[in-house]
Amino acid sequence: MTRRGAVLLAAILSACSVEVDGDSSGLSAGMSGPGPGSTSVGVDDDPTSTAPTSGEGSTAVDDATASGPGDEADTTSGSATSSPTTDATAGSTGDAPGDPLDPDLDVPEGGQPCLTPGSLVECPALEVCRFHTTEQGLCESCDACGNLGAPCTQGTDCDILFACYQGQCTNFCQLGTFECGPVEDCLDVGHPTHGVCAPF
51 MTRRGAVLLA
61 AILSACSVEV
71 DGDSSGLSAG
81 MSGPGPGSTS
91 VGVDDDPTST
101 APTSGEGSTA
111 VDDATASGPG
121 DEADTTSGSA
131 TSSPTTDATA
141 GSTGDAPGDP
151 LDPDLDVPEG
161 GQPCLTPGSL
171 VECPALEVCR
181 FHTTEQGLCE
191 SCDACGNLGA
201 PCTQGTDCDI
211 LFACYQGQCT
221 NFCQLGTFEC
231 GPVEDCLDVG
241 HPTHGVCAPF
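Per the numbering used here, the sequence shown runs over residues 51 to 250.
You may find that some hints are simply not true.
Claimed, not checked - Computed beta-carbon distance windows for the label pairs: (1) CYS195 / PHE250: 12 to 22 angstroms; (2) GLY226 / ASP193: 27 to 37 angstroms; (3) THR227 / LEU151: 18 to 28 angstroms; (4) LEU176 / GLU234: 30 to 40 angstroms; (5) GLN162 / GLU234: 30 to 40 angstroms; (6) THR203 / PRO150: 12 to 22 angstroms; (7) ASN197 / ASP235: 10 to 20 angstroms.
Note that these hints are calculated values from the structure, not bench results.
Glycine included, every Cβ here is placed at the ideal spot set by N, Cα and C.
Start from the sequences and build out the full structure, keeping to the hints where you can.
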């Protein structure tokens with residue numbers, strides 16, 4: 051082979067080598083396939099995926115939250131009860147009447163309150179403290195102003211020194227004393243400390 055022929059052959063072989071390398075790189079590029087990025091996109095777009103979307107999850111939570119307060123309200127709505135003490139104590143106000151005095155004793159219908167039956171200093175002038183309840187008296191004056199032993203139907207028929215008891219004007223007295231003579235002659239008419247002398 052001549053030198054020229056050898057050069058021509060080398061040139062032909064070089065051209066073939068370049069073409070093979072080009073095909074090899076093309077084949078390598080074709081075999082590499084889609085990259086990791088394209089693969090992940092395909093998975094996200096897969097319509098068969100069963101994972102719940104963010105919208106569905108929030109809806110389930112909202113439904114559970116919405117049902118909670120309603121159930122609690124229903125449970126506690128009937129728990130309130132009215133206080134039984136209101137009706138029990140409604141009739142306890144006001145003044146309770148004391149033990150009644152002796153029905154044979156006349157008591158005033160009105161006047162200034164006082165404490166000590168027979169007292170002249172606890173009442174205005176020309177009035178006396180006469181029995182009214184077992185705890186207090188009322189000041190009263192006199193109209194007929196009858197003396198001791200005079201008949202009476204009410205306190206004003208007797209002088210301010212006396213009370214009308216069993217239809218007669220009689221003295222006031224302090225229980226347990228000799229103000230009426232014998233101790234037993236100071237009669238208990240229902241007051242804790244004072245009474246009246248037994249009529250003649």
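Here is how each hint holds up against the structure:
In this structure the hint that CYS195 and PHE250 lie 12 to 22 angstroms apart at CB holds, the actual value being about 19 angstroms. Between GLY226 and ASP193 the beta carbon distance is about 32 angstroms. The supplied range of 27 to 37 angstroms therefore holds. Between THR227 and LEU151 the Cβ separation comes to about 20 angstroms, which falls inside the hinted range of 18 to 28 angstroms. The hinted range of 30 to 40 angstroms is satisfied by LEU176 and GLU234, whose Cβ atoms lie roughly 33 angstroms apart.
Roughly 33 angstroms separates the CB atoms of GLN162 and GLU234, a value that falls within the hinted 30 to 40 angstroms. For THR203 and PRO150, the Cβ-Cβ distance of about 19 angstroms falls inside the hinted range of 12 to 22 angstroms, so the restraint holds. Take ASN197 and ASP235: their Cβ atoms lie about 19 angstroms apart, and the range 10 to 20 angstroms holds.
When the structure is compared with the earlier hints, no violation turns up for any of them.
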